[in-house]
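Read off the chains here:
There are 4 protein chains.
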Amino acid sequence: MIGGGTGSFIGNVHRMVAAIDGQIELVCGAFSSNPSTSKSSGKALLLPEDRAYGSFEEMILKEKELDAKTRMDFVAVVTPNFMHFAPVKMALENGFHVVCDKPVSFNLEEAIELKKIIEKSGMEFALTHNYTEYPMVKQAKKLIEDGALGNLRKIIVEYSQGWLATKLEDSGQKQAAWRVDPKRSGAGGAIGDIGTHAENLAEYISGLKITELCADLTTFVEGRLLDDDANILLHFEGGAKGILHTSQICVGEENNLNIRIYGEKAGIEWHQQEPNSLRVTYLDKPYEVHRTGSAGISDYSNGVTRIPAGHPEGYLEAFGTIYKKFATVLQKLEAGETPTTEDYDYPGIEEGIRGMLFIDKVIESSNAGQQWVKMEL
Amino acid sequence: MIGGGTGSFIGNVHRMVAAIDGQIELVCGAFSSNPSTSKSSGKALLLPEDRAYGSFEEMILKEKELDAKTRMDFVAVVTPNFMHFAPVKMALENGFHVVCDKPVSFNLEEAIELKKIIEKSGMEFALTHNYTEYPMVKQAKKLIEDGALGNLRKIIVEYSQGWLATKLEDSGQKQAAWRVDPKRSGAGGAIGDIGTHAENLAEYISGLKITELCADLTTFVEGRLLDDDANILLHFEGGAKGILHTSQICVGEENNLNIRIYGEKAGIEWHQQEPNSLRVTYLDKPYEVHRTGSAGISDYSNGVTRIPAGHPEGYLEAFGTIYKKFATVLQKLEAGETPTTEDYDYPGIEEGIRGMLFIDKVIESSNAGQQWVKMEL
Amino acid sequence: MIGGGTGSFIGNVHRMVAAIDGQIELVCGAFSSNPSTSKSSGKALLLPEDRAYGSFEEMILKEKELDAKTRMDFVAVVTPNFMHFAPVKMALENGFHVVCDKPVSFNLEEAIELKKIIEKSGMEFALTHNYTEYPMVKQAKKLIEDGALGNLRKIIVEYSQGWLATKLEDSGQKQAAWRVDPKRSGAGGAIGDIGTHAENLAEYISGLKITELCADLTTFVEGRLLDDDANILLHFEGGAKGILHTSQICVGEENNLNIRIYGEKAGIEWHQQEPNSLRVTYLDKPYEVHRTGSAGISDYSNGVTRIPAGHPEGYLEAFGTIYKKFATVLQKLEAGETPTTEDYDYPGIEEGIRGMLFIDKVIESSNAGQQWVKMEL
Amino acid sequence: MIGGGTGSFIGNVHRMVAAIDGQIELVCGAFSSNPSTSKSSGKALLLPEDRAYGSFEEMILKEKELDAKTRMDFVAVVTPNFMHFAPVKMALENGFHVVCDKPVSFNLEEAIELKKIIEKSGMEFALTHNYTEYPMVKQAKKLIEDGALGNLRKIIVEYSQGWLATKLEDSGQKQAAWRVDPKRSGAGGAIGDIGTHAENLAEYISGLKITELCADLTTFVEGRLLDDDANILLHFEGGAKGILHTSQICVGEENNLNIRIYGEKAGIEWHQQEPNSLRVTYLDKPYEVHRTGSAGISDYSNGVTRIPAGHPEGYLEAFGTIYKKFATVLQKLEAGETPTTEDYDYPGIEEGIRGMLFIDKVIESSNAGQQWVKMEL
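Protein chains in written order, with this note's numbering: chain P, -16 to 360; chain H, -16 to 360; chain E, -16 to 360; chain Y, -16 to 360.
Hints are supplied without guarantee of correctness; some may be wrong.
Identical copies look the same in the list; a pair holds intra-copy or inter-copy alike.
Using 25 Å as the maximum straight-line C-alpha spacing, the simulated BS3-like pairs for lysine-lysine come out as follows [to be verified]:
1. K52 with K166
2. K268 with K125
3. K22 with K52
4. K125 with K99
5. K26 with K52
In short, the hints are calculated from the structure, not lab data.
This is chain P alone, in the form it adopts within the complex (with noise of 0.2 Å):
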């Protein structure tokens, strides 16, 4: 693991979700760009001395000169933002598989580079793009593939926090302070941090890309540099039209993702907050609540389900999906298998390009007076 030291938000998760499924064992890490904190990361974490690097040049280079038995699989990035570009590409060139946290990177340059680095290595990449792995989003997918929902018309997507209202990353908060800062966080604030996750989930579940967008950002919190704030009117290929809004100034919201799609003969919709239940709307009949687990699910969304229907399953599971089907893919490549297309069900670095393009045009729209741009290369 590169980066997510003691008292890091994210970098616990990838701890915790990683080791849900019995697949994966942490072996190493450079856990912060300060040695010592590194090294102290690493006892609390139970690892041997000297698995805790003080760098992830000196992770990545001593990692590969142990046996394959011993050495680290692939790596996990879970660093800022702009530390996101360097170990990865580090990592793939020399051998080692990637998890990397989203956005990809800090940039679409970067973005874009990383598309080739993977290329050229041959190694397996994940992107966290975490909140695609619920069942219940695989359900409206799946229902969305089969054409159940017709046609689709409108798509709205919302992801909404309260947590930035206020100047927190004056108080020192560490998660707010490195997020709204352009250096570390790049050009985007809400719309990077958790508007990327929006549009990917829209993409995903609806199988539509973004062609076009007019996006109105704002930065209510007076001294902050980066945008808290952000209404997007959109059109999709296929005519289908919509709205992305996404906050971190809503007081009182904690992580309000929520989707609606609505086609030609039905509609979905969907709450991150209570993401075992997924509302089946139709024209001639009574609606229908679909339950993680529970009667008349697919067994493409039963697939990423552990437990019996109405035992609530949350964030680190369905996080945790994506570690459990990159194992797979791993385990059955050195089997000398192929992985299904299921197997590969995961982001990647496609859908880093999509959310690095995405912050992209929406602040060039922003900027030019909130005119509609197209969403393309």
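Starting from the structure of chain P, add chains H, E and Y where the hints point.
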């Protein structure tokens, strides 16, 4: 009553809600442009034969001749949009107060003209933007007026329906037929029929006017002449930003009007379909659910509540509140008293003009390639 | 109307709900046992002075003298429980139909006696167990009648309130005062005031009668003379088992009447506070939510719906349905027609006797050390 | 681990949840009474061949021989109920700490005997009544301990499922088969499998013990040998009254464990299927919804929260908290430190005995014609 013959939806609503509080009695009507339909409607409504008139002109002139105790006290106009102006004008000019269904007129010019007529006539005028009359809408407005939210930052308002997701107007359904006909409905489809309610609700609760907007109108159902879907970015006075989206093709949505407003210190959320709950979110404590007539509710809100908490009040009760207040105003005026601000707390011609302006500007924006336009006369 | 003077809760409810459908007009009343209160109430209700009577006896006798067109068509009795029997009896015996608030009488003996009087009089009688009249209650009943649930197994019905969690009766609150007074309320406290609604609802929807019960009554608020809480085990005809619990000390509960019924094949769940939704669960497919007036709802349920789906109908509308049907029955009888079974689908004396029997048996069981007792006359 | 071979539900759960926090590693197992199944399960779990044992006896004896660093630190017993006692006893007597699935034993006698064995052994013992470990359960318990509810009056606890509404055990479903078999499950069906969770939750949150009960057990599915439904009246210490109902024939219910507790001043409501919300109701102000990890939550509750508010935590996380605390206790003991009260805040043998006593008393009451019985040893 003018319009609202047998089979009418909104005419029947007006009759039920006017009756609830025991202050208003239906005494006469011109229920249809077809005299024999008007007569038979009158009979079904237990009216004396001579007070079901063949035309609104006849009604206004004949009622005017009756003695003050017998003749109608005011006129309710519940015809399709294109038939609002003429009867409202004639009633006012002949000394009758008027309650008019929304939108106030066929186009903006008529609305502006009506304002002049009202002022000249000295008569009272109410417009049935009924959704502002729910107790929890009043509670939300009061919280904002009292500063509980601080300066407002974001307003998200939606009015979605699904009943026009197919080409219902071709099936002979009368309600659908006139609403999608530009000759009877006006320039707006969904945007006029329900979008104006959303616009009115947002401005009413927030106390802020929309200053400019960028609209993306769509007609999804092939062959339909008016919009059936709209996604709109909003700017409000004082720097608040927002989204208004409305649709009649959201399969499975019934009458999903809802609003959220976030300020610096707190937020509110209200859903018309479960109107007796108001979620109030805070920066630093658990969210609350304010409930109609329950502990902790303002006198202002309780003033429009009829029964104890937990006995759900619905659409008809809220609608009836306009009639109740209108009756109070007329009674006080008749008694030589001055109605209070609270007595007059119902929509009138100003709200009607805002609604017509909104329709015009949305269409102007959308037709100009979804550009920003100022929302001003 | 007998009872229901100024400040009355239920009297005002009866007046509002009787008016909604435009079939019933308040023409006279004896609104209080205090003649001057009755007079002033009549004035406030816009009645002619000579039809606000000083006593119910006076009203019945004088109205009887009026010509058929002028005199009242029926009497609504909305007094506290101990004052039901005398006016109902006198009205019936003088040729007036009667609508009576629940519970039907002060004790079981009176209820049995009333049945005889009704039969002898040939007059119509309705009892306002209003909660059976919600559209989604009708939908639930219909599903069960049609066999959608199969044989019923388990019924859980609850009616919880919190308004008597403190000794409100000592504060001079009139509604509280008579309800906890055995001389005015009868032998039951919560069990009579609201428990009978729960019993009635369970028997109505299920179509099954309670055969025996085991009750645990409690008075939690010190110094109160009647029960304010009850937990009851139930056995129904056909082997179904159940629970009825009711309370007026459940802090924060408003008017939480809800019911669930599980059969061999499906289940239903309904909550009075959100009355327009009915959850229907199945063995082998996702659960559905049936919505008032929406797609897939039975004609039987739609027959008591007044407005389109998504326009919430509430307590007053459901209550008004009893009056609406009662008016239909009277109109048909007057016209020499035979009312249909559906016209007569409102509670009457049989439901009244069941309610009084229930109160008696619950108290008998609880007093005997919470033993099982048969629920039979 | 003892039990929990391939295809096991609860064994897999124990493995996932033990792994989440990175403190516990599966090192060996006797996964089945069939040695070859045990071996193949071990292989699937990536264990070395020599640590997948043919029987629990073999495992305990051989592990005991290993050096302290290598051998297992504790044993997790996840067999069906009838196979709890022997391995737990042997593990304890051979110096291993034990985590045991619930109910603790096949019958009450075994549970009492186990208590003596635990005390004599000096080993640590945890029982996985996992539902007490949700953050919002802790929050509810804390509110009550702090007096926010005042004296408690009413407790309503339910645990309903629908998966045994048909005779699933005849279909070869392994989970169903042993649960309805008195030889493997014990004297209780639903009452043992899930009713004990409800009993445990009610006593845990309220801090009150059940003193007597009156139970109505039913077997609805023909030919089944154990109860599949129970309705129970409860009396608690201090005068609180309550209801516990549990069922496995409530068609469409998944894992509907929920509880409400009303005191003199406030009330709480919690639902396991949406575990991150806790409703708190008050006498004199709007109700609140407390949310896992969100503003206004106690340190005690936050102590079992792993991720920020709005990232839903579920069943596995709550279950894992028992393992996390158990590991903390063992680590502290090993380090010569004294675990805190909060470290020990997980269920143990006392809760196990209460559960077995509850099963016995429920059956005794029901068999005696649903009479009241004291819940004491």
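Here is how each hint holds up against the structure:
1. K52 with K166: Neither: 39 Å inside a chain and 47 Å across chains, both beyond 25 Å.
2. K268 with K125: both (20 Å within a copy, 16 Å between copies)
3. K22 with K52: So K22 and K52 pass the 25 Å test inside a copy (23 Å) and across (23 Å) alike.
4. K125 with K99: Neither, since 31 Å and 55 Å both go past 25 Å.
5. K26 with K52: Answer is both; intra-copy 22 Å and inter-copy 17 Å each pass.
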